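Dock the two chains into a complex; use the hints.
Listed below, chain by chain, are the residues.
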Amino acid sequence: MVLLQQIVNGLIIGGIYSLTAAGVALTYGVLQVLNLSQGDMYMVGAYIALALVVGPKLPYGLAVVAAFLGIALIGLVTERVALRPVRRSGTIYAYITTFAVSFILQNVAILVWTADPRLFPTRYTSVTLSVGGVSFTLQQLIVFIACWAIIGALYYLLRFTKMGLAIRSVSQSIDTASLMGIPVNRTISLTFALATGLAGVAGALIGPSLLVYPAMGSLTGMKIYAVILMGGLGNVFGATMAGFLLGAIEGVCAAFVGSTFRDVLPFVAIIAILLYKPSGLFTRSTS
Amino acid sequence: MEQARAKRSFPRVGVALLILVLLFVPRVVSNPYSLHILIASGLAVILASSFNLVTGFTGQPVFGMAAFYAVGAYTSALLAIKFKLAFWVTLPIAGLVAAVLGVVIGLPSLRLKKFFLAITTIAFGEVVRLTLLNWVGVTRGPMGVTGIPAPAPIWLPIIGRVVFNNKVNYYYLMLGLVVFVVACISSIMNSPVGRAFLATRDDEDAAQTCGIDTRFYKILSFTLAAGFTGMAGAFYAHYFRYISPNSFGFTESAMAVTTALVGGLRTIAGPIVGGVLLTAVPEFLRSLADYRLIIYGGTLLLTLAFWPNGIVGGITSTVSRMQERASSRAIGGKAR
Numbered sequence: 001m002v003l004l005q006q007i008v009n010g011l012i013i014g015g016i017y018s019l020t021a022a023g024v025a026l027t028y029g030v031l032q033v034l035n036l037s038q039g040d041m042y043m044v045g046a047y048i049a050l051a052l053v054v055g056p057k058l059p060y061g062l063a064v065v066a067a068f069l070g071i072a073l074i075g076l077v078t079e080r081v082a083l084r085p086v087r088r089s090g091t092i093y094a095y096i097t098t099f100a101v102s103f104i105l106q107n108v109a110i111l112v113w114t115a116d117p118r119l120f121p122t123r124y125t126s127v128t129l130s131v132g133g134v135s136f137t138l139q140q141l142i143v144f145i146a147c148w149a150i151i152g153a154l155y156y157l158l159r160f161t162k163m164g165l166a167i168r169s170v171s172q173s174i175d176t177a178s179l180m181g182i183p184v185n186r187t188i189s190l191t192f193a194l195a196t197g198l199a200g201v202a203g204a205l206i207g208p209s210l211l212v213y214p215a216m217g218s219l220t221g222m223k224i225y226a227v228i229l230m231g232g233l234g235n236v237f238g239a240t241m242a243g244f245l246l247g248a249i250e251g252v253c254a255a256f257v258g259s260t261f262r263d264v265l266p267f268v269a270i271i272a273i274l275l276y277k278p279s280g281l282f283t284r285s286t287s
Numbered sequence: 001m002e003q004a005r006a007k008r009s010f011p012r013v014g015v016a017l018l019i020l021v022l023l024f025v026p027r028v029v030s031n032p033y034s035l036h037i038l039i040a041s042g043l044a045v046i047l048a049s050s051f052n053l054v055t056g057f058t059g060q061p062v063f064g065m066a067a068f069y070a071v072g073a074y075t076s077a078l079l080a081i082k083f084k085l086a087f088w089v090t091l092p093i094a095g096l097v098a099a100v101l102g103v104v105i106g107l108p109s110l111r112l113k114k115f116f117l118a119i120t121t122i123a124f125g126e127v128v129r130l131t132l133l134n135w136v137g138v139t140r141g142p143m144g145v146t147g148i149p150a151p152a153p154i155w156l157p158i159i160g161r162v163v164f165n166n167k168v169n170y171y172y173l174m175l176g177l178v179v180f181v182v183a184c185i186s187s188i189m190n191s192p193v194g195r196a197f198l199a200t201r202d203d204e205d206a207a208q209t210c211g212i213d214t215r216f217y218k219i220l221s222f223t224l225a226a227g228f229t230g231m232a233g234a235f236y237a238h239y240f241r242y243i244s245p246n247s248f249g250f251t252e253s254a255m256a257v258t259t260a261l262v263g264g265l266r267t268i269a270g271p272i273v274g275g276v277l278l279t280a281v282p283e284f285l286r287s288l289a290d291y292r293l294i295i296y297g298g299t300l301l302l303t304l305a306f307w308p309n310g311i312v313g314g315i316t317s318t319v320s321r322m323q324e325r326a327s328s329r330a331i332g333g334k335a336r
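First to last, the protein sequences are chains A and B.
If you read the first sequence in this note's numbering, its first letter stands for residue 1, the second for the next number, and so on.
If you read the second sequence in this note's numbering, its first letter stands for residue 1, the second for the next number, and so on.
Source of the hints: derived by calculation from the structure; they are not laboratory data.
Worth double-checking, as some hints may not be accurate.
To be verified - Using 25 Å as the maximum straight-line C-alpha spacing, the simulated DSS-like pairs for lysine-lysine come out as follows: (1) Lys113/B x Lys277/A; (2) Lys114/B x Lys167/B; (3) Lys114/B x Lys277/A.
Said to hold, decoys possible - Distance windows between CB atoms, simulated: (4) Val281/B x Asp116/A: 25 to 31 Å; (5) Pro282/B x Tyr124/A: 38 to 44 Å; (6) Pro121/A x Val136/B: 38 to 44 Å; (7) Val281/B x Leu119/A: 33 to 39 Å; (8) Pro32/B x Thr176/A: 41 to 47 Å; (9) Lys113/B x Ala149/A: 52 to 58 Å; (10) Thr251/B x Pro121/A: 26 to 32 Å; (11) Phe180/B x Val134/A: 58 to 64 Å.
To be verified - Computed footprint of chain A on chain B; a stretch qualifies when at least three of its residues, placed anywhere within it, have a C-beta under 8 Å from a C-beta of chain A: (12) 11 to 19; (13) 101 to 112; (14) 249 to 260; (15) 290 to 299.
A quick note: this is a predicted structure, and the numbers were derived from the prediction, not measured.
Glycine included, each C-beta is placed from N, C-alpha and C at the ideal position.
Only chain B is shown next, with the shape it has when bound in the complex (with noise of 0.2 Å):
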């Protein structure tokens, strides 16, 4: 019992303390290339994270994550040009958009399993992307939507007015992004609805039969990760001040899934290394330029080849196999 909860208890003072760290990152990382990089970086994790909820956590296999991430740009720019609203009210109202766009491509998952969900989840993207390719009355079509307006600025208490015009506060608003969505993902799967998740993935019958309601617990796995995503996506949309329907292809949701698969699936700390790594690793290979994006691939297939449970499922497979190793060394030394 005092075993486990001093394990608990150490992650969350890591994880404090990490915030702590991520809060002063701009006073040591100044030059706004490295921030855009984390900046990126945090897109990355949000986008693996809520793949990882439905995919890792509830069984549902999505390889469409870029649709959300597009209606949620889509939505927050059109509505900040058309409407000029403030990114405050878009921000939740391209996460809700997003979030109804989840139960939608979530209903095919009631009748689909693994690689025909799979593909559904590819063509429900690609008909997004090739419809805001051609809508062009509204989304401007290949042109792309230019002029989106910077968040607006803000009073915060203590900070004061904060305007959007440098990096450092991109920087915190999109660190706020993360915690927002990583705190959400890990106080969900602690509780009784990520205890249903898992339940519904590992074994839907048996889920069934102890009374959890699997199709409910499956739209809504696809609701809440479309809602993230979509938030991401209007961040995106309004730090890039600019969109098409290029940004949003297949290339972003496999990207997604990478990211989630090579930091570790089913773990919560997974696709935030994920994250980090594959966006700052390729820029650290700039002065390579041509060969970035197949050094990248070779990175991959390496990584998948000798971690299959990723980054984050190989350090913690090798560290009990060390403390396997230590104990049984240690009953070993008592007998003799």
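Just chain A, with the same shape it has in the complex (with noise of 0.2 Å):
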């Protein structure tokens, strides 16, 4: 039963992890630049939702929403300032760019709102369900259903609309697509906002369940990136599903293990991972 627990916790807490991971696989599907800056972005959206559910006692769905479009808003900006400029100079530069901006999110976080933990409660987190003897509060069972309906309609979105399509088209080639009448900087600088975004909704998701504080990005941060090799980078959907699977794992480690090197397990992971397959789990092998 505490297994059971376990991974029910673990697949609530994947959620979190494959929206946050579907906006860096996106950015790297059409970029080819790793976002540094995602788990702070994560961070903001808490913050976001947080403010608004405390301040102006906004509903707390809505609040979600103005997360989503308060770090989409960010991400314009950031892909404005930090990455168009140095996109023509290799990728490393992007990573550094990133970073700058991670470093910038992170200490506008502590003057603003200081580096002291907070509690963020919502009206869901007070009720608890028991199915089964695996108990989870209504909070917790918004995350979940949330995240599926979002990566159904990420999924949607790429496949069926046009924006999709161009999005899919610039990831393949920039300098094709934009042969094509594409309009290849308003497509990058739309798939930035709505990869940001997606990590703005999870921290406003996450939020509630957990504490938020001006670090909590950081080691999210770290764990994304295992999650997207482990999906195959620029994979969307290798990377949500990769993110409930390390959420599950990370459940069962710290049902069998403890909690004490749960954290280490995803690191080891994706380091034996891609010594045994480079190419990341959910990709088929192209080479």
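Structure below.
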């Protein structure tokens, strides 16, 4: 029963990994750039929702949407000032500029909200449900459902809409896409905004179940890189599946070996996976 | 030929002068705080130079330098505390242990390229940090290691007995370490080994066709960079006298990358310029306290947007452009 409970907990946090990682994978697919600030976008997303729920007492759902929009806006600005100027100078420079953004976000968060962890209670955190001995809060159930709904929406967007088609063609080749008349810069901006917005939603969703503090994005950010490697770089749906998988693995690990070494596991797992199958678990081998 | 020799001898004179100036710095700058900033700059220089060796010169993106830094620091500190070994013994051991870890972290580079390698090294860095954090029996976990002894006093010819109870002597020790590391890296880069590194970076297949064992050179560059960084870690431990897993997180790794890139990747001078600037400038901004790190991040963004090859690269290309313009003007004058 402990095992089942831990797996359920793991799957809920796994949904958060999935959303955040899907954003990183999307950015990687389009720009071949790892966004090192994704973890901090997630953190700011949590703060935006917290501020709106505690301050003007907005309904939680509206706060989540606001977190998405707010972070997407920050993402737009980030793409313009941090990624576009170095797009032609090699990917390693883009890592550094996104790292600089991460630095700025974390320190702005400390300045605005101080470094103290905050509680983020919503109406749903105090409602506990129990199914067959496994208990979880209503908030966690909402998180789980919301994650799957958003992943579904993302799938629809990428597969069946014109914007999705543009994103997919830019990710194949920026030059060819621009020859085909796709507005490349606009597509990249929108993709990046969407990708960071996903992190914002993830933060807003998980905030009520955890503490909110400026460094909360750091370890999550690191795990996200593990997740997108497991899923295959640039593979958005591989990343979402790997997110749930990592959550489940963490849950199992917490049940059997205790939580001490739980955080080490994802990193050991990716090293092992990469050495065994360098292209990721969810991609067909192309070479 | 004559010109080539003149070009080479100039930097040597320059370097000798620079070292001479650096030797006299404590005579002018005597307050401990400024010396502390210089010592911290030295640590940044070693980290960035080592990163530059493996990433800039050999082309293997390593984003987990803090792993070597941490292992060097913990090795030296724990040996000094548990076995009462002197710093002068633990320093090379720390370098060696970190170098061995370098081989281990280098092994994936034989199979993985670019981003995959970058993330694998990030993961290794986290594994090391989280292991230090959770292996409480040996590392004391989050409490960190306290009571690390200062380096034992040594006798030096001419100077006499040196006791490490003030920042001036630490400054000289740091300077020695920086000169040692930079000299090693620059002489490696001027040797056939260095050319093999560059060949491995530029075109692995072509290098292999020319009979260069790129696998060996990749591992070698990891090993050397790890060894240097491990020694910097040992210095860190015995200078601050306290270490904890928090001192060696992803931020430290990213700082090594940042320092090298802002100074100028693929040059010997770049990491040095970057190390001094990026350590000293945030300190000068202290009066702006809360905004300091935000300004720092903004400066980083601006530098890379306008000088994609870093400060040294930017200056070099500006100078060569000016020379070109001057020489073309001279030719144009003759033609007229």
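Hints versus structure:
Our distance criterion of 25 Å between C-alpha atoms is met by lysine 113/B and lysine 277/A, whose separation comes to about 13 Å. A distance of roughly 41 Å separates the Cα atoms of lysine 114/B and lysine 167/B; the hinted pair therefore is violated under the 25 Å criterion. Of the supplied pair hints, the one linking lysine 114/B and lysine 277/A holds, its CA atoms being roughly 15 Å apart against a limit of 25 Å. Distance hint for valine 281/B and aspartate 116/A: a CB-CB separation of about 29 Å, consistent with the stated range 25 to 31 Å.
Roughly 43 Å separates the CB atoms of proline 282/B and tyrosine 124/A, a value that falls within the hinted 38 to 44 Å. Take proline 121/A and valine 136/B: their Cβ atoms lie about 33 Å apart, and the range 38 to 44 Å is violated. Under the hint 33 to 39 Å, the C-beta atoms of valine 281/B and leucine 119/A, about 38 Å apart, fit the expected range. Distance hint check for proline 32/B and threonine 176/A: the Cβ-Cβ separation is about 60 Å, which falls outside the suggested range of 41 to 47 Å.
Hint check: lysine 113/B to alanine 149/A, Cβ distance near 37 Å, so the stated range 52 to 58 Å is violated. Remark: the range hint 26 to 32 Å for threonine 251/B to proline 121/A is upheld by a beta-carbon distance near 31 Å. At about 60 Å, the CB distance of phenylalanine 180/B to valine 134/A agrees with the hint of 58 to 64 Å. Figure legend: the stretch 11 to 19 of chain B, annotated as covered by chain A; annotation inconsistent (0 residues with Cβ-Cβ distances under 8 Å, at least 3 required).
Interface restraint, the stretch 101 to 112 of chain B with chain A: holds (3 residues with C-beta to C-beta distance below 8 Å; minimum three). Here the stretch 249 to 260 of chain B counts 5 residues with a CB under 8 Å from a CB of chain A, which clears the bar of 3, and the coverage holds. Here the stretch 290 to 299 of chain B counts 7 residues with a CB under 8 Å from a CB of chain A, which clears the bar of 3, and the coverage holds.
The structure shown violates the earlier hints numbered 2, 6, 8, 9, 12.
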